[in-house]
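Undergrad: Here is how the chains run, residue by residue.
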Amino acid sequence: MRLAVKQPTGSAEIDMTPMIDMTFQLIIFFMLLINFSEADQSERIHLPSSELAKPADAPLESPITLQLTTVGTVLLGGEEVPLAGFKPLLHREKQFLQLKADKKHQAQAVANATIVIRADAKAKTGLVQELIKVCQDTGFEKFVLRAKQEEGDLKR
Amino acid sequence: MRIRNVGRHGEGVELMMTPMVDIVFQLLIFFLMTFKITSAEGDFNVKMPLAAPSQGKPDELQLPPLKVRLTADPGGRIAGIFLGQAPMKDFRQLREQIVGIVGDDTGPGSITDTQEVELDCDYNLDFKHVIDAITAVSGQITPDGEVVKLIEKIKFAPPRGS
Chain A
1 MRLAVKQPTG
11 SAEIDMTPMI
21 DMTFQLIIFF
31 MLLINFSEAD
41 QSERIHLPSS
51 ELAKPADAPL
61 ESPITLQLTT
71 VGTVLLGGEE
81 VPLAGFKPLL
91 HREKQFLQLK
101 ADKKHQAQAV
111 ANATIVIRAD
121 AKAKTGLVQE
131 LIKVCQDTGF
141 EKFVLRAKQE
151 EGDLKR
Chain B
157 MRIRNVGRHG
167 EGVELMMTPM
177 VDIVFQLLIF
187 FLMTFKITSA
197 EGDFNVKMPL
207 AAPSQGKPDE
217 LQLPPLKVRL
227 TADPGGRIAG
237 IFLGQAPMKD
247 FRQLREQIVG
257 IVGDDTGPGS
267 ITDTQEVELD
277 CDYNLDFKHV
287 IDAITAVSGQ
297 ITPDGEVVKL
307 IEKIKFAPPR
317 GS
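If you read the protein sequences in the order shown, they are chains A and B. So for the first sequence, our numbering puts the first residue at 1; every next one is plus one. So for the second sequence, our numbering puts the first residue at 157; every next one is plus one.
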């Protein structure tokens, strides 16, 4: 019996170029939009909204972000403490700022630092004021209240 | 002269794509997992000087602050808005009053520049109403989308008891 000689078959090649192009474009998209400052934006805090809350043109000087929850605790970095026991944490931040600055400008470094208050929309205003008072007692003078940007007009 | 054909036909340089594709997919998954959509945030400056008395003469040009009183019901919702002693229906009316006070006076030394607003709020008032009040007094957006600044010097009155 005569057997037919088989022709060598060429392997099927997939064109990878469009897939790699797309993948790189996706990576670039996510790289540009990634936000590494998540420690300063807790998901537990639902900021109040304002039509006038526009992102700042210039970065704030030595910002320290304090997040006030509805239950009256303060989030600073990764730590959560009740407002009553918050002073030592703030004092540590103050010492850190002083260490970073020259010896001559240590007092100025604290006064020039900006305290960013991210308080929950449902937090009590009295607690926000108490938080500001604790910061003032520690030597901080500049404060900003943070709100999320929202279109629309004033509500009642 | 005889030239020898040294090269072999049909043999291209093959790149190993598999490790690169692996890494690229790992990067893609990392970015996908860490991606979080956040809305834009903005800041309102609050003027809260230290309690210690400042040195030097007080500024004669400094007008007395406009007092905005916000009262709350037991649930923390807004119960009343007062500009001085005058009750306001809502934050829109408060803004209209502020626009009336500021008028067209802008530039250095103007009311916009020198006037202060002091917010006096109930302890249990929800913070969002404070932001509404600050929004009402600090500016407005024209139909063209431009922001007109009103009074940006804002401070809090001493906190009321809980």
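I should point out that these hints are in silico values taken from the structure, not numbers from a laboratory. Owing to the predicted nature of the structure, the values given are computational and were not obtained by experimental measurement. Just to be clear, a hint being listed does not mean it is correct.
Some chain A residues judged to face chain B by a derived CB distance under 10 angstroms, without partners named [stated by the list, open to error]:
1. V71
2. A119
3. E141
Quick reminder that beta carbons are idealized off the backbone N, C-alpha and C, glycines included.
Undergrad: Now tell me, hint by hint, if it's right for this structure.
TA: We went through each hint and held it up to the structure:
1. V71: 13 angstroms, violated
2. A119: Since the shortest Cβ distance to chain B is 5 angstroms, the answer is holds.
3. E141: With a closest approach of 6 angstroms, the E141(A) hint holds.
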